[in-house]
Amino acid sequence: MYLSTRSLAAAGRREASEAETIAPAPVPSALGRNVLYLGLTSMFTDVSSEMITSVLPLYLTLVFGFGPFEFGVFDGAFQGLAALAAIAAAIGADRGRRHKLMAGVGYVISAVCTAGLIVVRGAWLATVGMLYLTRLGKGIRTAPRDAIISMSVGPHRLGRAFGVHRAFDTVGAVAGPVLGYLLLARDPTGYGTIFAVGFFVAVIGVAVLVVFVEPVGRSDDEPRPVHATRAGRRRLVEAVRAGRAQVGIVWSHRGFRAVVLAGASLAVVRPVDSLLYLAFQRDTESGLSVAQFPLVFSIASVMFLVFAVPLGLLADRIGKLRVYVIGELAVAGALAVVASGARGTVALMATLALVGLSYAATDGVLVALASATLPERWRTTGLAVLAAVIAAGRFLASAGFGALWERYGDDTAALVYLIGTLVAAAIGFVLIRREDRGSPGDDPDERMPGPVGRRTGPTSQLEAA
Amino acid sequence: VNEAERSGRVGPLRLVVFGIVCALCLAGAVVVIVRGDPTTTTTVTGEGTGGGTTVPVGALAAGPHAVFVDTRLGDGYGRVALSDLRAGPDGPVALTDLRCERVDMAGDRGICLSAERGAVTRYHLSVFDRNFNVLSTRDLPGLPSRTRVSPDGSRGAMTTFVGGDSYLNPGQFATRTELLDLHGGSSFGDLESFRVMRDGQPYDRVDFNFWGVTFSPTDPNRFYATLGTEGKQFLVEGDLAGHTVTVLRDGVECPSLSPDGSRIAFKKRVAAGAGRIEWRLSVLDLATLADHPLAETRSVDDQAAWLDDGTVLYGRPQSDSGTPTKDTFAVPADGSGTPRVLRTGAFSLAPELARG
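Heads up: the sequence lines are chains A and B, in that order.
FYI, my numbering numbers position 423 of the first sequence as 423, with every residue one higher than the one before it.
FYI, my numbering numbers position 12 of the second sequence as 1012, with every residue one higher than the one before it.
These are computed hints drawn from the structure, not numbers from a lab.
Distance windows between CB atoms, simulated:
1) B:D1207 <-> A:T345: 19 to 29 Å
2) B:R1198 <-> A:V430: 48 to 58 Å
3) B:G1185 <-> A:I318: 45 to 55 Å
4) B:V1031 <-> A:F429: 54 to 64 Å
5) B:R1198 <-> A:R407: 12 to 22 Å
6) B:D1250 <-> A:G129: 27 to 37 Å
Short, incomplete list of chain B residues facing chain A, as computed with Cβ under 10 Å:
7) R1014
8) V1021
9) C1022
10) V1031
11) D1139
12) F1161
13) F1173
14) D1207
This structure is a prediction, so every number in the text was calculated from the model and none was measured.
C-beta atoms are modelled at their ideal positions from N, C-alpha and C, and glycine is treated no differently.
All chains, full assembly: derive it from the sequences and hints.
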């Protein structure tokens, strides 16, 4: 679970949807249902993909014999790919046409590759390839789907539309691992069953999209230009060139650099969550059983939801920077539990609570801090840079954690990363704080757009627009 | 794109297609859940009677008897059964109330690895006494694979698959093997927590898997087992008191110690062409570590047992037609003779109490 990058993608699509509001809104009464149907599509797809994701650590380590290092490399890239694909799609998506087709292609790729996991069973390299393709499908579908949502409702209802959509998403993220648990409990080695069920559930999601979602925008009736592909290629080249220039521009903002460095310093000492969970599963005395393992992901999602609102309120009172530090300390706390060697139920629940707390405290805050340092037109690019840096950092962190684990054990690896996290927290605090002081005059908390639905948040901005 | 669709109504044809797709997906999901993993084919269903004569447990428990899992299709399927081997392969059988996937019994203790099938399948290990009364039960971390009780009944071992379900592909399964104190009720811990020595040096790899424990008939602290690592299958000798195991040689799986403690029957991995793997029953001499094949020429995936110092026992499917029924075969330990059916429908046969 990459909640912090999930929120980066969400912020990215908020930027995208602000741009979309310029497009002529089609009949909202007929298209409002699109939000509901797309929500259902996302829910079915997430039940499928989160179920698969929650059994992956077991599948790869137990069936293919991945060690902690190999798994860390795999999962670091897997999670990072999802984050990068989503943000790249948010920026680079062709916003004008064929949203439904593009979204459909993304959903279909994921569904087909889920079935492909059964076909390539036994071959680890092909399995890894299939898994990466499911993530690519996710990257392809996210931006066009968000475009359909934003074009299906009036501008004043955008915030609510995305809120409804995210609720469906969350149901999928919690229900998927529970389904994985039920299937594994029935048959602890029945991964084929899980992949097959995942495929069928995903197909239902695709069917909802194909049958019920109305195409929007100027899409299909408009004749395609004759040299569409060549024009497209030229546009792509221009976009890449422009993108490079944009990255240079956002990087020249000192404040933005500070936030990115702060994010990077934490990311390079933050291994993927699955590695921490595996430490509990691998313990033979008091550890998790195979069947229980997927539930860990559901619990972590629920923990995040539980903490998100209180921490949002707390941020309003004591400031986002302090809440961010709480989040970093929560990461340190989770690592401390793993380092202590305790693997019982209490230790597991403490770890999950701390992981959930850390995401709730840091999720969105880094985005908000980064956004605040950049002019509005550069924000999407800036967030993409931030997402890329965090994805790369966590990839390195995961590979390093796995390598230390293989050599010195999981508790030692956690201890090393615990120290690293405390150092990173200090670095991040100093960097961001100096930046806040460097721009006197207004309260930094006031000018930052908050993560979701707060006084100064993007939702209220959109509603005011 | 017609007007009805523009206004958000979905045409009846599309609704029908949607209904069919959903129905097919639901049906597909139900089928794979009910029938189990589509990539394996181990569904067990059976009708009919086990055949043969059934007698009360007490009638057989007093004399020499073998204990096994009855796999004849019928009421007895999956239940622990007793039989006097002197009455022949189809002699009378006594059925207990225990249902096990694997069983072993020696001295005054038995171990039953069982599956509680249902919406949620659970696996258990039960320790039982001479009268088949369950003394204690605990959850297993995975699929039952092997279990052994030491000849004096004081020690037990169990192996479960926590990943994968077959020893066929190295690197594609994971096992847990734990040693138990059957009289005291405590555990000696997972074999992966033992110190491993190879050529006098400590030996440690992340992909260690242990399986197939056998206990010494004379020294309750000594045992042998398989250590799988780096694509090899080592025979290891273990010391319970010292919490160590020592690598003896390569190419030995599922060892089984002879009653005199001098030889080990095991399954030897052989390439069967086309990348397939089979196992041949072999016996090795512990003094020289040299081995010779037995007369059974078919593949055997079982932990062997010894009827006496000259006879090795093992389980094999009754036919290759895919029925779940297995027979226990006997073959001379010196490599001569031919295999014969010792007991029809018997799997996981424990011969300790049959020696009389």
